[in-house]
Structure formats: C-alpha cells, structure tokens
Amino acid sequence: MSTQNNETTYDTRRQIIFKRVMRYTFVYGILTFFALLVIIPFYWMILTSLMTPDKIASDIPIMFLRFRDMQFGNYYEAMFAPEAPDFLRYMGNTVLVAAISTVGTIITTILSAFAFARLQFRFKELFFLLLIATMMIPGEMFVITNFITVSRFGWVEMVDQQYYHAVLAMTLPFMTSIFYIFFLRQTFKQIPNELYYAAKVDGTKDFQYLWKIMVPIARPTIITILILNAMGTWNAYIWPNLVSTRPAYNLVSNGLREFATAIEFLPQEEYIGQQMAAAFVITFPILVVFFLLKKHIMRGVSRSGIKG
Amino acid sequence: MLEDRHDFKAWLYLLPALILLIVFTFYPIINTFMIVFMVDYDFLYGDYTGWTLTGNIQAVLGHRQFWPAIRNTVLIAFVSVPLSVIISLFIAVWLNSIKKLQGAFQTIFFLPYVTNAIAVGLAFAVIFNRDYGLFNYMLSLFGIDPINWVAPGSPWRFSMIALLVFITWNGLAFKIMVFLSGLQSIDKQYYDAARIDSASRSRIFRKITVPLLSPMIAFITITSFIGAFKEYTAIVGMFGEQMGYRGQLITIVGLVYEALGEPYVAGSVSLAASAAIVLFFMTLLLTIFNMWVSKKRVHY
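Chains A and B supply the protein sequences, listed in that same order. Per our numbering, residue 41 is the first one in the first sequence, and the count goes up by one each step. Per our numbering, residue 6 is the first one in the second sequence, and the count goes up by one each step.
Everything labelled a hint here was simulated from the structure, so no lab data went into it. Quantities reported herein were computed from a predicted structural model and do not represent experimental measurements. There may be inaccurate statements among the hints.
Derived DSSO-like pairs: lysine-lysine, alpha-carbon spacing no greater than 30 Å straight-line [stated by the list, open to error]:
(1) B:Lys212 x A:Lys59
(2) B:Lys104 x A:Lys335
(3) B:Lys104 x A:Lys334
(4) A:Lys252 x A:Lys335
(5) B:Lys104 x A:Lys59
Pulled a few chain A residues facing chain B out of the computed Cβ check, cut under 10 Å [to be verified]:
(6) Leu77
(7) Thr149
(8) Met215
(9) Ile221
(10) Phe247
(11) Leu250
(12) Glu304
Stretch-level coverage of chain A by chain B, calculated; a stretch enters the list once three of its residues show a Cβ under 8 Å from a Cβ in chain B [claimed, not checked]:
(13) 158-166
(14) 176-183
(15) 187-197
(16) 313-323
C-beta: ideal position from N, C-alpha, C; glycine also.
Based on the provided sequences and hints, a complete structural model is requested.
Structure below.
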C-alpha cells in the first residue's frame, strides 16, 4: 500500500519536473527568438558597414565576416572623405544643441516642479489642469506656429542663416517640458513636509531649500530627465530639418538622411557600406550612454507608462 | 504661517517655463486654429485677405494626397498597435516568469527605444532590399521570388508590409518595459491564491494578469494609437522624405510637413494647419472612444 503511494508521488513529481523543463525551454526559446528579431537590424547595420560592395551585393547574404575581410575603410570614407557629408560637424552641432536645450529644460523644470509640489498659490489647480490638457494636443499643432514664430524672429533665413540663429531655433522651443515638470513634481512631492518645516524654522529661504535639499534628494529623477532629453535631441529629426537651411547646420539624423537621399539613384551597393558605417557611428554613442546609464533610463521610461 | 499662499513667489518660480509655454505652446494652439480660417495666410508677415469657415478644410479634403494619407494613417494604427500591444504583453509575461537572464533580455528588448529611427530605418531598408536583402533571401528559402519592398517602383502593398514590420518592431520596446513594470507591481498574493486553487497558467493569465493590468493596457493602447496617428519619422527613415515611391506611404503628419516644407507656396501653411486640425480631431475622437470603452471594460 505504502509503496504504491510512494510510486505515485514519484511519478507525479517526475511529471511536474518534466512539465517545468518543457515550460522553461519554451519560454527561453521564444524569448531568444524575439531577442534575435530585435538584434538582427543592429547586427545587419554593423555587418554591412564592414563589407565591400561585392560582398554587399552577393546573391546569398553574408551573415558573418572574418576579421581580415572587414572593410574598416567604410568608416574612414563616411567620416572623412571630401565628398561625404561632414558627420563630425553634425555631431558637434547635435552635442551643442543637446547641451543647451537640456540645461534650459532642467532649469525651467526644477523651478516649476518646485512651485507645483511645494508652494500654495491661486489658480494652481486650474493651471495644472491646463497643462495636462495641452499634453493631449498633437505636437504638429505647435510645430506649424512655432515654425512661423522662429521665421519671424529672423532665425530661419533661407539665404544666409547664421549659426547662432539656427541653434536658437533648434533649442529655445524645447527648453521646457510639461511632461518632465509632472515627472519631477511627483518626486518632489514624496519628500516629507517635515523637512520643509524644519528648514523654515531654521530660517532657510525657499530657494536655498530647493537647491540644497530637494535637488540632491531628487537627483536620480533629474539625471533621468537629463539623459532622456539629451537622447531626444540626438534622435531629433523633424524640427531641425525644418529650421536649419544650410547643410552645415544639420544634426546627425538629418545628415544621415540627406546622405541616403543623395545616393538613392546611384548604384546603391557602392555606398551602402559607408551609409551603414555612418548610421552606426551615430547609433554608437547612444548605445554607450544606454549601457552606462541603463538603470536611470529604464526607470524613467517604465515610470512614464504609469500615469502619475 | 508656513503654508501661506505665495502667489507672487510661486509665479516667479513658474515664470521661465511660463514664458516659454506661452510663446511655444499656448499661443500656437490658438494661432494654428485661427490659420485654418484665414484666406491666403502669409506666414512671414501674418497677412491674410479674409476669413473663411471651411475653405481651407475643403482644400485639404480635396488634396490629391489627403485620402491616401488617411488610409495609410488608419491602416498603420489599426495594424501596428494591436500587434505590438499583444506581442509585447506576451513577451513581458514570459520575461516576468524567468529569473536567469531576465536583465539581459530586458536590455536587448529595450534597444529599439533608445536608438535613432532614421539610422535603424536605413538598416531595415537594407534588410528589405530587393536584390541582396536578408528578408528576400529568407523568403527564397520557401520558394518565393524576390519582392521589391522599398525601392522606387515598389507596389504599395509591399511597401506597406515592410513599413508595418518596422513600425511594429520599433514599438515593442516601450510597451514591453511598461508592461513589465506593471506586472512586477501586481501583488504576489493573487498568484499564490490561484496556485493553491491549482488554476492553470492560461487561466491565471486571463483571470488575473490581464484584468489587473487592464488600466495599463488601456493607457498604452490609447497613447500608442495617438503615436501611430503621428507616424512620420520611421517612414522617412526607411523610405525617404518622398514617403515611399510616388509618396504612396504619405500620412497625415507627412502631409503637414510636406506643406510646411514649402512655406512660400501660397496656401501651403493653411493646408498644413488644416491637416493638423484633422489629426487633432482624429486624436480627440479616439481618446473619447477609448475612455468610453475603458470605463466599461477596465477593472480598477
């Protein structure tokens, strides 16, 4: 009797283990499959950037390259060849624009988030609602009039646009963000009120309190905002494309797209290696930043899905 | 005393953001709305010759690219959003059920979110190349002849399929991340209770995971639809500023920027504004519809 019982338990246990192994095989298998789908375009970009034209045009796509077959010259040509777009310059432009708009954004965001989180004032709720409502409006509504506005400021001269005008046009409209204000306000609100009262009793001014206590406490959120904003500029395409009228003022995405358009009717395989090299050159910095600051970025993004 | 109202001080703190918001956010909403009703609006001087109620709207409705743009925009939204929401929900659930390598997978799935849509779009164009692309090679293993997906001369339906693959791929990262953080915040007690009742996995998924995640699913679906209605950069990345062969992949936003790209042409800024208004109402309609549905369906 008892032996039989033991055997059943043994059998069911084996069944359970078998089921579990099957399940994990399935889950890891399918996750690996999707992970490959995500990685392939990046892998293909790097692979193609290291190929000679005849390898690119081979009938059966080459999936692996030996080191000695790698054509690093594509990178040299994409970056330094006289007829290639001036990507180093575009990178400089992009870094400058990203830096200015990020510093601007962070200042306006900290100040307004403080007012919303800490101060009592008339029309606070109303203004807050108004800001939420604007988030629902498609950005194109703003873009049209903003384009008109910066044109009237004289920043989008079609003939002889000045560099600082282009930079102003690319940065000023993006020096504040309603979304980041909400995001930071949420963090500020979690700081206990007692800290504020204690500081008040000690005679600390509001601005000192904000600068010396709230900003350091909210540092992770502020870093997240800095990174997301800078990455946004690095990937920006539409607005810079509208307001910069000289190729020399391109940001990286615009430069890359112009390169692709320029070779559209040329024998593509002659240039695709260089094009992919350029694409990887502008993707690479983002990947480095991402791997270094993964935690901050992912935290910010998953938080943004939970409406705050 | 400590919680006194500080009207002046508060607005002082808000001032830098407020000035920028007035110039670049509030005023544009009003102005763009007004341009829709102005005749022959001159974007540089702000001159116009009169008012019209429906003239500019009629112009955009009669534009040769308008209905193709509506068709493409709606198609992109209604295919790519459900597809990417469902795929990313499953990936998130699977990801949440493993411990080993979870971080590594998470990082990989997140990559498309941070990378440049133009750069990756170009890589997709290479993969979808007719003569030497990876995709056609895969198809050839099943005996399918090479298809022209992206190059000039490509039939609309093939360009659209290639584009949908790219857009769906591009949309997964954000959704997986948000769903995963939602799953991790679900109280473990629900699952423990279900396990005691020896409920099956699919039953747990249908009766616990989906209902508890439904506010987030609803939120993601709304925002993704709004995002898909504004699809533009991905198309330019893969197909160029022409938006596909003979502009066959034009979207509403594509129409806006095409018009705005030549602001000196008479009526083009009004056309851009009218197209933007159409987009605005599409978005509004969808938001209202989604709110109505989620009020009925979503379990809070």
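We went through each hint and held it up to the structure:
1. This hinted pair checks out: Lys212 (chain B) and Lys59 (chain A) have alpha carbons roughly 22 Å apart, not beyond 30 Å.
2. Distance hint between Lys104 (chain B) and Lys335 (chain A) is fulfilled; the C-alpha atoms sit about 18 Å from each other, no more than 30 Å.
3. A threshold of 30 Å between alpha carbons decides the hint, and for Lys104 (chain B) with Lys334 (chain A) the separation of about 19 Å falls inside it, so the pair holds.
4. With a C-alpha separation of about 25 Å, the suggested pairing of Lys252 (chain A) with Lys335 (chain A) holds against the 30 Å cut-off.
5. Distance check on the hinted pair: Lys104 (chain B) and Lys59 (chain A) sit about 18 Å apart at the alpha-carbon level, within 30 Å; holds.
6. Look at Leu77 (chain A): its Cβ gets to within about 7 Å of chain B, closer than 10 Å, so that hint holds up.
7. Because the closest C-beta pair between Thr149 (chain A) and chain B is about 7 Å apart, less than 10 Å, the hint holds.
8. Hint status for Met215 (chain A): holds, given a least beta-carbon distance of 6 Å to chain B, under 10 Å.
9. Using the Cβ-Cβ criterion of 10 Å, the hint placing Ile221 (chain A) at the interface with chain B is satisfied: the shortest such distance is roughly 7 Å.
10. For the restraint placing Phe247 (chain A) at the interface with chain B, the shortest Cβ-Cβ distance is roughly 9 Å, inside the 10 Å limit, so the hint holds.
11. The closest approach between the C-beta of Leu250 (chain A) and any C-beta of chain B is roughly 8 Å, which is under the 10 Å cut-off, so the hint is satisfied.
12. Among the interface hints, the one on Glu304 (chain A) holds; its C-beta lies about 7 Å from the nearest C-beta in chain B, closer than the 10 Å criterion.
13. Remark: the stretch 158-166 of chain A is confirmed as covered by chain B, as 5 of its residues place a Cβ nearer than 8 Å to a Cβ of that chain, reaching the required three.
14. Counting residues of the stretch 176-183 of chain A whose beta carbon lies closer than 8 Å to any beta carbon of chain B gives 8, which meets the minimum of three for the stated coverage.
15. By the rule of at least three residues with a Cβ nearer than 8 Å to a Cβ of chain B, the coverage given for the stretch 187-197 of chain A holds, with 5 such residues.
16. Note: the stretch 313-323 of chain A has 6 residues with beta-carbon separation from chain B under 8 Å; the three-residue rule is met and the coverage holds.
The structure meets every hint from the earlier list without exception.
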